[in-house]
Amino acid sequence: MAELLLELYTEEIPAMMQKAVEKGFEDIYNKALSAESIDYTHLKTYIGPRRITLHIDGLQEELEAQNIEIKGPKSTAPDSAIDGFCRSKGIGRDSLVIKGECYFYEKKIEARSLKSVLPKIIVENIGKYVWPKSMYWGDYKVKWVRPLLNILCILDGEILALEYAHLKANNKSFGHRFADYNAFEVKSFADYKEQLHTKHVILDRAERLELISTSIKKLEAKHNIQAFDEPKLLEEVAGLNEHINVLVGEIDKRFLHIPPEALVSSMKTHQKFFPCKDATNGFAPYFIFVSNVPGADNNEIIRGNEKVLSARLADALYFYEQDQKTPLKDRDLSKIVFHANIGTMQDKVGRLIHLAEYFDKGNEDLVRAASLCKSDLVSEMVGEFPELQGIMGDYYAKQEGENKEIALAIRDHYKPMGTDDLPKGLAAKLALIDKIDSLVGLMVAGERATGSKDPFALRRMALGIIRIILAEKLDVNLTAIVDLNYTSFATSSDIKPEIILFIEDRLKNYYKDTYDTQVIRAAIDLSLEDNILITDLKLRFLDEFSKSQSGLELIEVYRRVTNILSDEKFDKIDVTLFNNTHEKNLYNKLLGIIPNVKASIGSSDFSKAFNQILDLKTPLTSFFDNVMVNDNDPIIAQNRKAMLFELSNLFKQIAHFEYL
Amino acid sequence: MSNKISFQDIIMKLQNFWMGHGCAILQPHTLEMGAGTFHPATILKTLSTNPWNVAFVQPSIRPGDSRYGAHPNRMQHYYQFQVILKPSPENIQDLYLDSLAALGIDKLKHDIRFVEDDWESPTLGAAGLGWEVWCNGMEISQFTYMQQICGVDCRPVAGEITYGLERIALYIQEIDEASKIDWNGAKGDKALNYSEIDFEAERQYSRYNLEEANTDILLRHFDEAEQESISLVKKQLPFPAYDFCIRASHIFNLLDARGVISTTERAAYIARVRHLAKISATCWLEMQGGSNG
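Taken in sequence, the protein lines are chains L and G.
Per the numbering used here: the first sequence = residues 1 to 660.
Per the numbering used here: the second sequence = residues 1 to 293.
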């Protein structure tokens, strides 16, 4: 039983790329070893900013001879396939045997020692891990996430001779970059881990994470504070440090009345600090951070970090105070271009007010929110921290005495940004008209989403529109509101249908995991039905309908009817031309149900509408059984078809049944 | 920090350090540019396959950062110290850390960190991977392995180190505002600080950049610089052609700072400058007998 230790020693690996490496390398080497039928008891990858370490234990040292049967193409396969198989195995046709229907290659593997096969397995698989981004350096031919500096590879304490790129494996590793940088020799994994530990490197990411968490807890208790729960930041700092030295710094209290979102932005994104809450859940005048330096004068490091944060917050405070001098309503949006082809943000706000008045008549809050929602874009704070758009508007609106709903609408109208942060109430309405205006405007301006390219996120906008309508149950005539918005833009070509089709396409995409393709195709047609809430009801109904017995029957009826009707035009039905009871019966029944069916459709009760149509089943069956539609007299034939056409129209008002 | 060296001494020490490690010390390029990367010694010289080890100060101009000298550390005119090592040596990070030590920044007392930061310049069609270097949380340098320049893959790869000289001075001199940076370390009436040297110009240029620059003239100059660059490439003069690309880039920055370029136009202007960078670089590569592919 042998132990293998491989260390790939590198310059700093980006923190957020590290976590995935653990499983990635384990998968690659588990697969590689099992492909060679090599047994082992333990395999684990460790990752840190400066090294990737693979430890495999309990490796089988002598690999027995074996025969492996590799299945090839069928014996009847074309020559090219058989030759291809031979080429891929590096053999001639004479090495193939036929068993049953297929060719087989019986590969004989001689007995080998682990030592003789491992180098190849290791080398061939190092490059198999796909980094999100990799690079060249120096004059070397190899690509890696950052320059690879050294390879340690030992099997049971002995150097396992191998070469990867320009590097030759040795038995050396290195301690903490600053505290103990000298190379040291390694005898085993236990020795490696132990030596690294004394040289201030914590090998295991999980251990670093744990250490950060427990250290944070201690500081929390000491200062009676609570660090924000930031799993991503935790992952990042565990990937930035080989040594863990958790420290706490203070924030000058004068900065604490800057909105917390701005404080958090400065601290988390820019400095990788953990913001903290105090005992009363307010923003605490402390931050927690992780230093990589062991045993240094912590005070100097803390002071340095405090200074950097102070400089950032001093900027923020200055901007915040500047901003408060100009109320939102007086901010000039005419300098900010929304899109060169369709004008400025001021123009956009004008259109939003117009849409707000139409969309929710008499809702003064919506109009007010629409008129203010973009004003913070010309604030100093948003200029400095673009991620605070909307949020700063919320603060300034409240300071200026706007009501809470309006302020919240300003904050949330950019939502949804992710998967489950939908805006609600007034914010949802504002978000909806803002997205409609952006989508229509950008398409008018000539922007399109094509293939994988969607630089203006048009698809996300359309999806946002759909999700907001459905979640808030907004009873909107979507085509009418698009129409109205469209008239605000001066444009020569008519792309309104294209816009509607684009939204329709997103709508189909939205439902694709919930319903069958045929049901979606049958039910979704925005030019037919412009209210997405009704389309949603239709989908639910059609989904059940198309699976039910009576549904299947009606679909059959519809098919029979439409098979007879080609694309001809039909005159009005002439009752006097009916000459038998079957067709008269059907006609009377049809006349009787039309108003009821229409009423049911009007109230979106599709299942009622279909039960009403279902009443036609008996007269229709006797009609088809007894009446020849294509009468010799073309006038009579036309008249019968006209009646069937009337019937098919009832279906068409609901959905495209031809797709079911 | 006990040893508060002056601004000019920081530059001297860096020059001496890199000179001692085989770098030729060059002088700034004579045109306005947003960063040292634009210097032909970075852009054109790193494209060829020859070794190239140089260091230089480059005054850098970003009209959009004009703050009339009122901002603690943001100016439209500032100084970068650039080091180019091609091919990037194995010990490049260690050399960099030693250069910090030469400035009196002790790596055992300060938390120095290499934090992922990939660099990209859309105007130059250039990109690289690397880090920003932090010293106790403050970004003091940018460290990049150049992967592509003017749309051409770089082989061998150059390592580019850019020191933010003001940031480093603020740190070393333990002050909060760039205006107070001790420039020459002298006492009494010979003492000069950063604002005495640069801030009158800073105020005047801020007004020029943000308020007074004649945008009609600039728009015309942009077109002219573009034409000239294209025409010079045809005449096999890539260095002058590239200089006109630098000019076009600066004029674009000015127009941008004046707020006359819309979001969509922006992309088009950037593409035009990038095109100039690309044809100059390609011309230069061809003259040297073949492209890097």
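Treat the hints loosely; a few may be bogus.
[Said to hold, decoys possible] Under the rule of at most 27 Å between Cα atoms (straight-line distance), these lysine-lysine pairs were calculated in the BS3-like manner:
#, chain 1, residue 1, chain 2, residue 2
1, L, Lys307, G, Lys109
2, G, Lys109, L, Lys222
3, L, Lys172, G, Lys45
4, L, Lys415, L, Lys335
5, G, Lys235, L, Lys307
6, L, Lys217, G, Lys109
7, L, Lys141, G, Lys45
8, L, Lys415, L, Lys232
[To be verified] Away from chain G, derived, C-beta distances all over 12 Å, residues of chain L:
#, residue
9, Ile28
10, Leu309
11, Leu422
12, Lys512
[As the list claims (entries may be wrong)] In silico contact screen, one side only, chain G against chain L (beta carbon under 10 Å); selected entries:
#, residue
13, Glu90
14, Phe114
15, Asp118
16, Trp131
17, Met138
18, Tyr145
19, Val152
20, Pro156
21, Glu174
22, Glu200
23, Gln204
Calculated directly from the structure, the hints in this document are not laboratory data.
This structure is a prediction, so every number in the text was calculated from the model and none was measured.
Just so it is clear, CB atoms sit at the ideal spot from N, CA and C, and this is done for glycine as well.
Next on the checklist: I'd like to know which numbered hints this structure contradicts. Please list them from smallest to largest.
Outcome noted: 3, 5, 10, 19, 22, 23
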